[in-house]
Amino acid sequence: MADIERIPVLKTWKLFVKGAFPRSESGRTLALHGHGGELVAHISHASRKDLRDAVEAARGAFPAWSGATAYLRGQIVYRLAEMLEGRRADLADGIRTTTGASRKKAEAEVGRAIDRTVCWAGWCDKFQMVLGSRNPVAGPYHNFSMPEPSGVCVVLQADAGETPLLGFLSLVLPPLCAGNAVVAVADARHPLGALLVAETAPTADVPAGALNVLTGQAAELAGWIAGHRDVDSVHAQAKGEVAATLRAGAAENLKRVAVLAPGEDFGDDDRWTNPRRLASFVETKTIWHPSGA
Amino acid sequence: MPATPWEYSPAPETVPVTVPERTQLYVGGKFVDPHSKKWFDTVNPSTEAVLSHIAEGDAADVDAAVAAARKALKPWSRLPAQERAKYLYRIARRIQERARELAVLETMDGGKPIKESRDVDVPLAAQHFFHHAGWCDKLRYAVPGAGDPRPVGVCAQVIPWNFPLLMAAWKLAPALACGNTVVLKPAETTSLTAMRLAEILQECDLPPGVVNIVTGAGDTGRALVEHEGIDKVAFTGSTEVGKRIAKACAARGTRLTLELGGKSPNIVFADAAIDQAIEGIVQGIWFNQGHVCCAGSRLFVEESVLPEVTRKLEMRMRSLRVGDPLDKNTDIGAINSKGQLQTIERYIAAGADEGCTVCQPGPQALPAKGYWCRPTFMTGVQPSHVVAREEIFGPVLAVMSFRTPEEAIMRANNTPYGLAAGVWTEKGSKVFDVARRLQAGVVWCNTYNQFDATSPFGGFKESGFGREGGMQGLAAYLAE
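Chains as they are written, first to last, in my numbering: chain R, 1 to 293; chain G, 1 to 480.
If you are wondering where the hints come from, they were derived from the structure by calculation, not from laboratory data. Check before you lean on any hint, since a few could be wrong.
[As the list claims (entries may be wrong)] As a list, the in silico DSBU-like pairs of lysine-lysine whose alpha-carbon atoms are at most 35 Å apart:
| hint | chain 1 | residue 1 | chain 2 | residue 2 |
| --- | --- | --- | --- | --- |
| 1 | R | 49 | G | 243 |
| 2 | G | 37 | G | 71 |
| 3 | G | 430 | R | 126 |
| 4 | R | 126 | R | 11 |
| 5 | R | 18 | G | 74 |
| 6 | G | 74 | R | 239 |
| 7 | R | 239 | G | 37 |
| 8 | G | 247 | R | 239 |
| 9 | G | 247 | G | 37 |
| 10 | G | 427 | R | 126 |
| 11 | G | 38 | R | 126 |
| 12 | R | 18 | G | 37 |
| 13 | R | 239 | R | 49 |
| 14 | R | 14 | R | 239 |
| 15 | R | 126 | G | 338 |
| 16 | R | 239 | G | 243 |
| 17 | R | 49 | G | 247 |
| 18 | G | 115 | G | 71 |
| 19 | G | 430 | R | 18 |
If you're wondering where the values come from, they're calculated on a predicted model, not measured in any experiment.
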């Protein structure tokens with residue numbers, strides 16, 4: 001055979017909704033450019049309908065995901081870490097393609113991202129003990145408080161910064177491990193790590209709909225996310241107009257909102273393994289029962 | 001069954017309380033006249049007599065109060081925690097010592113029965129200060145992972161008229177314990193006990209500016225929560241106003257906690273202790289004339305016991321005494337204001353219009369003067385009826401039935417609110433299964449409307465966010 005250069009098989013990256021990989025219902029795509037400006041691939045350009053479908057899938061998955069035992073949730077998230085471990089090279093390549101990071105730096109980020117996943121897998125059956133309490137009320141009552149997931153959480157990574165994979169997982173894991181069903185929108189400029197996580201999720205037995213991943217334009221999606229009345233909370237990394245839109249729109253149905261600035265240091269382990277990171281995505285429920293009366 | 005065949009003799013609370021001809025604002029540790037030089041009437045809702053004239057604070061007063069709070073912030077937050085605690089302990093003690101006076105004043109100003117202000121509002125207010133006093137020097141253990149505790153800064157706190165003194169305590173105690181300073185705005189119809197509390201703060205030598213109280217109506221509140229010098233807003237009141245505040249705070253990035261409305265379900269299963277459940281239903285909806293954000297205003301009764309429950313409820317209601325709030329035997333006092341009475345009457349009329357059966361088995365005679373509403377329940381209520389969906393904030397109960405636990409839970413959760421819920425069953429596993437599945441910040445099982453300083457209170461969904469009370473209530477007043 002002569003030296004014919006092999007033609008690579010190119011794909012358009014798809015959305016991840018309800019355990020399946022649909023294209024955008026709108027048929028729209030966005031061009032993904034590499035660090036040097038070259039065309040790398042196409043990604044799906046999620047529409048308002050795609051967002052709604054994903055929220056619907058998340059709402060549908062919420063009872064089973066939040067109702068599963070904390071032990072099971074922990075095992076599934078740990079399984080996700082196991083599966084990501086097997087795709088370290090892909091993940092590092094994905095990061096490097098768009099950020100231009102050195103191999104060493106990208107591999108270090110992948111390692112941290114997987115370690116972060118392991119850490120949060122462990123929080124699944126522990127945060128309740130740390131954030132809950134047995135309250136000594138002045139009367140014959142048994143009284144205790146416990147954190148419960150608030151429902152459907154939308155993660156919007158509008159401005160990923162230098163560590164898109166670590167950032168994406170750090171935004172997704174606290175609400176997910178708290179028992180929320182998550183719709184995550186990856187930064188359209190650096191989506192490959194997030195899309196690989198999506199491709200990994202079904203093999204880790206993440207239930208369909210518990211985690212959904214979209215790609216699209218944050219500026220366009222922000223208003224639809226904030227205004228969606230079946231979204232309970234928002235975890236975002238955004239600035240300027242997008243951040244303002246999220247905050248103002250969320251007031252409409254009193255969504256719980258945590259918006260981080262683009263400069264957030266996801267490498268800060270103290271901060272990003274801290275159970276306080278999930279406080280915005282849980283509600284304290286306090287139960288009273290008479291005792292002896 | 002006839003009403004009580006004999007009458008109780010009056011048993012009026014006799015502690016005399018002096019009410020000032022007019023009140024002032026409390027700013028920077030001093031009582032001052034309002035900048036507007038305007039005062040508005042506050043009436044006793046059980047007699048319609050003008051009790052006092054309340055200072056109308058305006059934007060200039062809010063400016064002065066915020067400036068005083070800002071000035072006080074550094075010294076107050078840097079005071080050794082153990083010393084800060086001593087002020088809170090003092091306040092708790094003075095509330096206890098002046099309890100009877102505060103209870104009588106609360107009842108005169110707001111219309112609630114003296115037995116409730118005496119046994120619930122005032123003792124709980126004292127407990128909140130006492131409990132939080134002890135947190136001052138233990139904050140580093142209160143919020144897991146929070147690091148060094150630091151205050152948020154100057155807090156704007158706006159409170160409602162249903163538990164005037166108690167809400168002031170719920171707001172002030174955690175804020176002060178965490179080293180914040182405060183500008184508090186009481187509700188316009190119930191400012192008197194807040195100003196009496198200001199006297200107590202002065203008696204306790206609380207440093208000037210740590211707490212400032214500006215009275216007034218909605219405009220005063222708006223000027224306060226939208227003030228640029230505010231670091232954190234805490235609001236208790238209607239969901240409508242809460243959303244407005246949320247938007248204003250969103251624009252500025254101000255920290256916010258909201259404790260808003262509710263339409264709380266109270267679920268009675270056939271295997272409940274029915275007589276106890278009846279007491280819980282009464283406590284759930286007619287406590288404080290139903291002016292309770294967590295009132296159990298939607299009663300869901302398992303179909304097989306619906307006739308028994310409504311029959312017993314009707315019988316129990318005949319023994320409820322409506323009238324002079326200062327009478328120690330009174331169960332149901334006056335509606336807080338004329339405006340609120342009109343709102344409640346509109347809802348009762350709307351219920352009748354939509355085809356509900358309106359039952360008011362209570363006493364026939366009501367006092368000639370004052371604002372009164374008979375305890376009311378409605379049967380034949382459909383989930384779509386306005387009385388089943390909207391917060392009435394009055395002594396009006398919507399009674400509905402269900403067949404399965406699934407149906408009860410689904411219908412209980414089918415509301416934008418999520419403040420509280422009640423569950424009545426003698427079956428332990430069912431209690432906790434249902435409690436787990438109800439979307440509510442507080443779930444009372446085989447009890448209702450219990451409160452405690454150590455027990456966090458607050459809602460899911462559109463009933464607001466953040467908690468008040470207990471360990472979980474402190475996070476809102478500590479810097480992130």
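Against the structure, test the hints numbered earlier, and report the numbers of the ones violated in rising order. As far as the earlier hints go, 4, 5, 7, 11, 12, 15, 18 are violated by this structure, in ascending order.
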